[in-house]
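Student: Just so you know, the sequences run in chain order A and B.
So the first sequence is numbered by our numbering: it starts at 196 and just counts up by one.
So the second sequence is numbered by our numbering: it starts at -6 and just counts up by one.
Among the hints, a few may not be true.
Computed list of lysine to any residue pairs in SDA-like fashion (alpha-carbon distance at most 20 Å, straight line) [stated by the list, open to error]: (1) 102/B <-> 238/A; (2) 145/B <-> 242/A; (3) 145/B <-> 575/A; (4) 134/B <-> 234/A; (5) 116/B <-> 685/A; (6) 102/B <-> 263/A; (7) 929/A <-> 74/B; (8) 576/A <-> 148/B; (9) 576/A <-> 98/B; (10) 929/A <-> 790/A; (11) 145/B <-> 280/A; (12) 576/A <-> 629/A; (13) 102/B <-> 243/A; (14) 116/B <-> 286/A; (15) 562/A <-> 179/B; (16) 733/A <-> 157/B; (17) 145/B <-> 238/A; (18) 894/A <-> 929/A; (19) 576/A <-> 158/B; (20) 145/B <-> 572/A; (21) 116/B <-> 214/A; (22) 733/A <-> 280/A; (23) 116/B <-> 689/A; (24) 102/B <-> 275/A; (25) 576/A <-> 149/B; (26) 733/A <-> 117/B; (27) 733/A <-> 103/B; (28) 145/B <-> 580/A; (29) 134/B <-> 242/A; (30) 711/A <-> 790/A; (31) 733/A <-> 158/B; (32) 102/B <-> 302/A; (33) 102/B <-> 572/A; (34) 576/A <-> 179/B; (35) 562/A <-> 117/B.
Far from chain A, some chain B residues (derived; all Cβ distances over 12 Å) [to be verified]: (36) 21; (37) 39; (38) 48; (39) 81; (40) 86.
Hint data in this document are derived by calculation from the structure and do not stem from the laboratory.
Keep in mind the model is a prediction, meaning the values are calculated, not measured.
Each residue gets a CB set at the ideal place from its N, CA and C atoms; glycine is no exception.
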Amino acid sequence: MASAETPMGTLDALPDSLEKTLQSLKIPTEQIRFAVQSDINSSGSYGEEWFILTDASLFTVTGGGEVLHYIPYKSVLGIRAEVVVDAGLLVLETQEGTVDLIRYSNGYAPKFGFVARFIGDEIEFRKGKRDEAPIWDYKPEDHACKNCGLLLPDEFSPCPACTKKHKVMLRILSYIKPYKGRAILYTVFLIVGTLITLMPPYFTRILVDDILLLSETPNAVPEASETWLGEIFRGIQPLVFALSVAVGMLLTILVISTVFSIFQQRLGAWLTFRIASNIRAHVYQHLHNLSIRFFDKRTTGTVISHITEDSERLQDFMLEGLSFLSVQLFLFFGIGSMLFLMNWKLACFILIPIPIIVLGASWFWRKVRSLWHRAYRRRSKLFDVVNDSVSGIRVVRAFGQQKDEVNRFGTANIDARDYETHAEMIWATYYPPLMFAVQFGTLIVWYAGGLDVLAGPDEMKLGTLFAFIAYLGMFYEPLRYVSPLINWASRSMTAAERLFEVIDSQPEQFDDGTLKAMPNITGEVKFHNMTFGYESHKPVLKDINLHVQPGEMIGLVGHSGAGKSTLINLICRFYTPDSGRLEIDGEDIKEIDLKDLRRQIGVVLQEPYLFSGSIAENIAYAHPDASMEDIIGAAKAANAHEFIVKFPDGYDTEVGERGGSLSGGERQRISIARAILHNQRILILDEATSSVDVETEKKIQQAIDRLVQNRTTFAIAHRLSTLRNADRLFVIEKGRGVECGSHEELMKKKGIYYKLVETQREAANIRAQAQTVER
Amino acid sequence: MEYENGKKEGMLTTDDLTNSESSEPDDFTPRYFDAANLTFTRAEVGTARLEIQDEACYLRVVVRRLMPLSNPDGYISLAADEDTEIGILVNPAELAPESLKILQEELDKRYFTPTIQKIYRVKEQFGIHEWEVETERGRVKFSVRGLNQNIKQVPPARLFVIDVRGNRYDIPDYRELDAQSYHQIQRHL
């Protein structure tokens, strides 16, 4: 039997409870080719159901063992995985009619999609319509972490559970390596600077206790010493002298700490921006090596925010947060020990409000943060409304909807107002009590310390109390910000993680030494039983077979969504086929060095992308060393020269963002000139003439005719007349290649192509008639 | 087979219809059915079969809601296959009870989206929120990544939660959830 040659596969392990059913059906377990579990039962509730394929039959069973469908394999005409809203359905075409076989949720869609494709292929193989038996190569599409099983967004993502936060931190720090010396210097500055900020209160103590207070007890005044200093200051009151010395010391400390602060912050900025820009550069460079699939799975916005916002967030944190955090941490412990050294009894009192402050502050920040977040969402909704109506202002006016738009804004505005008021009022209600808790600690110290001072200088001196209070302020300060700081840190770490996610993603192609360098391809392209889908359970192209000779021009024809652009994406190797082969010059495209391949493929798109720069630079894109003669030659061949010379700035004309200052036809001809200069072996024209008027189209068509000579060309065009020069037309219908041949051959065949041509002819006639009427 | 023939018959009728209509100037006028003319039956193989009185019979009718969110019970599009609409039924409630039942079963098959009735638990771990909820289709656990991107709000208070595997769960009005479930939503939104 044919199927014996295909490898067996069991997708899901069959539970024991089903064994009885199999026995009653007289099916030995060896006969089971595979069994697939679903998570929705036929009544539409969550539950277990099984789809089982044996050599002779297909059947579905409930988890309890009740057989729902039993269909002999030979009566099956076709099978498909139908996508319904938020679920899927395996549908069987049998000789008796259509059978809805089994339902499953979206999570099971890839599995059942594969099953449908496999069985479909096998049916064709059994009928002899396919020369190769399908291969059982199902790979689950769930991207779970290999370590911990956590689900990941795609195959490119690192596991957040296994990349520990401190590891991320270490990784950020690894970017410091090139600047080791300065980083050490920075740390030294940081530590010394912090130590210095700890000194002023200590000197205040000396100032008060040993100098100012002594003036009240004149007997205690020591004589000015007989040292050289004493000589100098002879005649000056010793206490005034001591005062000047103490103040002088304070001044010195202030000066030193200012100088330190200048150096520390300058160095901090230098280091931070270097590290951040290095990470950014690394991310950006890596981004360009990633597979197009990576970009499919993310919006342009996400990718851009990776490079801009995430790195900015990381940078901000490193610049301000990190040093703030380390200084505060250092201060907290530094001061804490200082306080205990100065007066451990008093220091015990200051611990009392700490739990209240920490708990209160973290509760408070959590509450406020979610409120702010909600207010922020309302605000951005408000901006959306403004954006919506301002960018559509013409439409609003044309429909006379000003009033409604104003009302829409009013509603959003009031909504935003209410949420913001609420958030601010909550802040206003709870922040002062938090401050109160902080100040309460100070009150305790004033009272307890005051008692000690009253008890006499043996217990505690006034200056000590002053210093104590001053330190206390510094001590409580970080506590208030613990929660937002931790938050800030963790958000920055997440940002860093996202950046590293890009860096850790697999590049498009690994060169493990087996890649073929192909600097000069001839341009032979061959598809062999090639199947591909952006998600492998939804094939967009099925069993494509096409052999294109070097220099041949192939017109790709089909309805929109038939798979024409996908075919082109595969030739460019933005994606790789799911099964079958795509060969260039007889080599599997997967084996060819991408750099060589892409260098020899030229693309002219419907919306040509011009980079900001001059026209000459755009034509010479990817060929910076092209001579002016080359550029003019290409422009001439592309019918672009004639309009370029008319510009005041000629070839130096800036095309600006997306070539805004040029018309569609002009941009198109520049992009054709670019392709001509590039001189590739394989050329792709994707709707190159569809966005221009008839007159311009003629010019572009001429340019294209010159361009395609001696190049293997794949052209997509909605206007079939554009393809009149094609050697062969390849008609794609719902992902399958259905017709292939010259225009004349296909017209004779009266198939799909014939119908398309007829439809367009009719449409053209209508247009012509309309134009006559207008005249 | 009966079904094959029936199908062909049905297809022929549609072809004839489109052909006769394509020459008419109002080819783009939607066709609205009178519920009295429609009969839904269950074919032997389990698919829904639609009979339009004195006109045609479709073996596996495709049913679609035109307004699945705002009016799930009205404006049902009936189609011969994925691409060929036969017409629109504005008010299915006017169908005969057996027909209505089959139509509703078919709609239920096409629109799976479970409705969350009770939220037992939402637990966050590494940016992935594990939900455990009760739906009309039974109790289920699922994972949602990045709540902001994967909870879509339809004003005023409808929420769609999209899990990592692309399944969508509906909360028609989160304000009407019980206190515990509401609290879970509030805590994470």
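Student: Need the status of pair residue 576/A, residue 158/B: alpha-carbon distance at most 20 Å?
Tutor: violated (28 Å)
Student: In terms of Cβ atoms, is chain A entirely out of 12 Å range of residue 39/B?
Tutor: violated (6 Å)
Student: Do the alpha carbons of residue 145/B and residue 242/A lie within 20 Å of each other, as the hint requires?
Tutor: Given that 20 Å is the threshold and the Cα spacing comes to 27 Å, the pair is violated.
Student: Within 20 Å, alpha carbon to alpha carbon, are residue 145/B and residue 280/A?
Tutor: Between residue 145/B and residue 280/A the Cα gap is close to 16 Å, so the pair holds against 20 Å.
Student: Please work out if residue 102/B and residue 263/A have their alpha carbons no farther apart than 20 Å.
Tutor: Roughly 16 Å between the alpha carbons, so the hint for residue 102/B and residue 263/A holds.
Student: Taking only the CA atoms, is the gap from residue 576/A to residue 629/A under or equal to 20 Å?
Tutor: Given pair residue 576/A, residue 629/A is violated - Cα atoms ~32 Å apart, limit 20 Å.
Student: Can you confirm whether the C-alpha distance between residue 929/A and residue 74/B stays at or below 20 Å?
Tutor: holds (15 Å)
Student: Assess, step by step, whether the Cα of residue 894/A is no farther than 20 Å from the Cα of residue 929/A, and give holds or violated.
Tutor: violated (33 Å)
Student: Is residue 711/A within 20 Å of residue 790/A, Cα to Cα?
Tutor: Within the cut-off at roughly 11 Å; holds.
Student: Is residue 102/B close enough to residue 238/A, meaning Cα to Cα at most 20 Å?
Tutor: holds (9 Å)
Student: Mind checking the alpha carbons of residue 576/A and residue 98/B for me, to see if they're no more than 20 Å apart?
Tutor: Between residue 576/A and residue 98/B the Cα gap is close to 39 Å, so the pair fails against 20 Å, i.e. violated.
Student: Is residue 116/B within 20 Å of residue 685/A, Cα to Cα?
Tutor: It holds: about 18 Å lies between the C-alpha atoms, which stays within 20 Å.
Hints 2, 9, 10, 12, 14, 17, 18, 19, 21, 26, 33, 37 from the list above are not met by this structure, while the remaining hints are.
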